[in-house]
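J.: Sequence:
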Amino acid sequence: MINQRWLAVSLKAPAWLPCLGGVLLIASDLLYARDFYFSPTAVDSDVTSTISDLSIFSNPKAQLPGRYPTYVRLNNQRLEQRELNYINGADGALEAQLSPAILRKWGIKVDDYPELLKLPPDAPLPHPLGWYIPAASSVFNFSTQTLDLSLPQKSLEQHSAGFVDQSRWDNGIPVVFSDYTFSGHENSGSNNADNSQYMNLRSGANLGGWRVRNYSTWNHTSRDNTWQNIASWVQHDVRILKAQLTGGQSSTKGEVFDSLQYSGINLASDEDMLPTSERGFAPVVRGTAMSNAVVTIRQNGYIIYQSNVPPGAFEISDLYATSSSGDMEVTIKEADGTEHQFTQPCSSVALMQRPSHLRFEATAGRYRADNSSGDSEPAFAQGSAIYGVNNTVTVYGGTTFAPNYTAAVAGAGVNLGQFGSLSADVTVAKTSPEDGEDHQGQSWRLLYTSNIEATQTYFTLASYRHSSSGYYSFADANHLDNHDDQDNWSDDYNKRNRLQLSINQPVAGGTFYVSGYQQDYWGTNKKEQNINAGASYQFRYFSYHMNLSWNDSQGGNSDRVVSAGISIPLSNWLAESWVSYDISNNKDGATTQNVGLNGTLLDDRSLSYNIQQSRSNRSPADSSNFSTNWRSPFSTLNAGYYSASGGSRQLSYGASGAVVAHPHGVTLSQPLGNQFAIVNADGASGIKFQNQYGIRTDWWGNAIIPSLAAYQENRIGLNTTSLPDDVDSSDTAVTVVPSRNAAVEAHFAAHTGYRVLLTLTLPDGHPVPFGAMAMSTDKQSSGIVDDRGLLYLSGVADNAQVNIQWGTSSQQRCVAHIQFLSPTQNASPGKIKILNALCQPGSGT
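Just so we're aligned, residue 12 is where the sequence shown starts under this note's numbering, counting upward by one.
It should be emphasised that the hints constitute simulated quantities derived from the structure, not laboratory data. Here a beta-carbon is modelled for each residue, glycine too, at the ideal position from N, C-alpha and C. Incorrect hints may have been included.
[Claimed, not checked] Cβ pair distances, simulated, as ranges:
(1) SER443 / GLN169: 46 to 54 Å
(2) ILE251 / LYS129: 25 to 33 Å
(3) TRP584 / GLN429: 45 to 53 Å
(4) GLU448 / ARG660: 52 to 60 Å
(5) PRO852 / PRO185: 45 to 53 Å
Can you build the whole structure from these sequences, using the hints too?
T.: Set out below in structure tokens:
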């Protein structure tokens, strides 16, 4: 703090000041060439003896060297957050100590620069980055803890948007976990008193890159108790092929052939290993620029891509996958402002691939029939591939071999531009049942997808047509020798035609949708049919919906339900709540009306509730229902109670979550996704996270972030307003990149302890010198003493020792002992403890 008396005196203007100003103007070139120096003796002439060595701060660029958590940016693109070591450079500014290995990880072409190759991979660079790579620079912004790297484009590896280097793919830490979903209900009254409980378990273990998984279920009723093992498998990624290797009991992806269950081994492409901009289908855009130009690509009126290109031919292959059709309008704006435009036809369909991209799957093992079906389970081998020939055509095919079955499929997808996309394939199959004659047949399949720009209609039509009665899929072929199921009439006939339809249409602030399918069979007039249509609209003060559902299932059973409803927010009276009314009617004339109140409670909206009252023209005439759901840090719990006229009662309950054992302990969690993070906050409890409802660190400072995206950056941020009064953290966010099914660690350096404002005095009664450096003996807290001997520290434990130094000699250091007499001693409104401490000569340990 600058002494006010000195400041007042220094601001008095002497009479000779104008003359001095003229001299300064004449010699301005000399003055601008000199560095400005602020003398610490100007702080207060009366205490010059109690000022530490502040020479490091006389340079406005200088800061204390050491390790700092850093956000790294390369050419204004964020790379990652990591801790780096910094030293003072030639101009006094902090310089990051980088190594060839770190530069290579960041996508810099280390091999192109001989001086970098001479260094050991992990050795810090002896010179600034620009010494090795011309025009390169590295600047650390201390206030934002950001390292800005600027490098010429030719020194960087060329990667697609969304690229994450494989060296950052994290296989995670060793874990054993069990993810569970439990539900139960108890009925009473009337004549249907019973109870039942159900639980499914998805358990697993991770070690290195290996994943072991098991899926099991348990079902208990008043009459039965059943435990079933559904599937067990082991998996590891094959990064060189961008694929997953799976062994055990699993199922195929079902892209070319229908999906089927197997016991065996499978190798299949994992599209998530590609950069996000290369997933799905998007065309390659090619053109020519006459100068340094800006290429802008629009689809459906929106800019979806923009980039600078040098003169000459260019190729853009990292467009994000399009989910709709609609031609792309490409604009090339030259350096002189002239523009050239052309149209790139584009639409998307499930089996389209980018040019030169290959997606494959290979499986060998034994077919797994549906549970208790009694179907044959022969050994088999199956392979398929999808390849993008160019922007217009994608080809695909595959084969299946088994003792009782052989099939081959070939097809192609075609980009029709503004008319959508069409794929067509034919499968030829031969089936040889054990107790019958061979069957041969073909199946033709069409899939059409389009987005009509003028009306924003998303339209999908899929048709499966079996051209002969001799065609069977592999699953149907394995059922031919099974005659035990007499209840399912469709098992006696093989499929003939299947038609699917799906339309979504925005209409006047809402959405209209319709979907349906029809399946018929050879040798019978019976059909399976389903139609679901409806509309929903959102207005300022309310929303409403309508729906029609009609189903004609196997055996001639059919149903039809028409429903409508309205929902009104009650935010002016009850925050985060809505009142609703619904009415429904089925084909038998039963009409039911419902009035309900639902909403969320608590600051993080982790508690939800639903109250309903119903009336029907059929028995039971009246019913009431209440249910609630709580997303706690350790589980998701739900409970409900139903009561109806006539005496029927039902109590329902459930829980879902996970138990995870890891190197830091055992943590309870909300339900897990495929990838998840184990947060360790150095024992700090009660810390919440951004965009994670109900999740906070437990008593041991651990928490589970239950769902992450594989092979891409996931940011986990602290909700800093939730930090307890006795906790500080130097980290506010961590970025992780999990591999498939990984459990990655996210560590936050949290310091648990008091926030303290110390007044430090020396044995002679003088304050500790201004600018003295302070560090707790556990190196968790540090600070700088001001001109009145005041020092602010956070994360200070009771009976802590603080080492203080203001010079290089042993006489310029001391140690202060901090002791709290009571938890609330001298606490300020901000929970900062205000204490006095005597700084004794010497140093702590």
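J.: What hint numbers does the structure not satisfy?
T.: none
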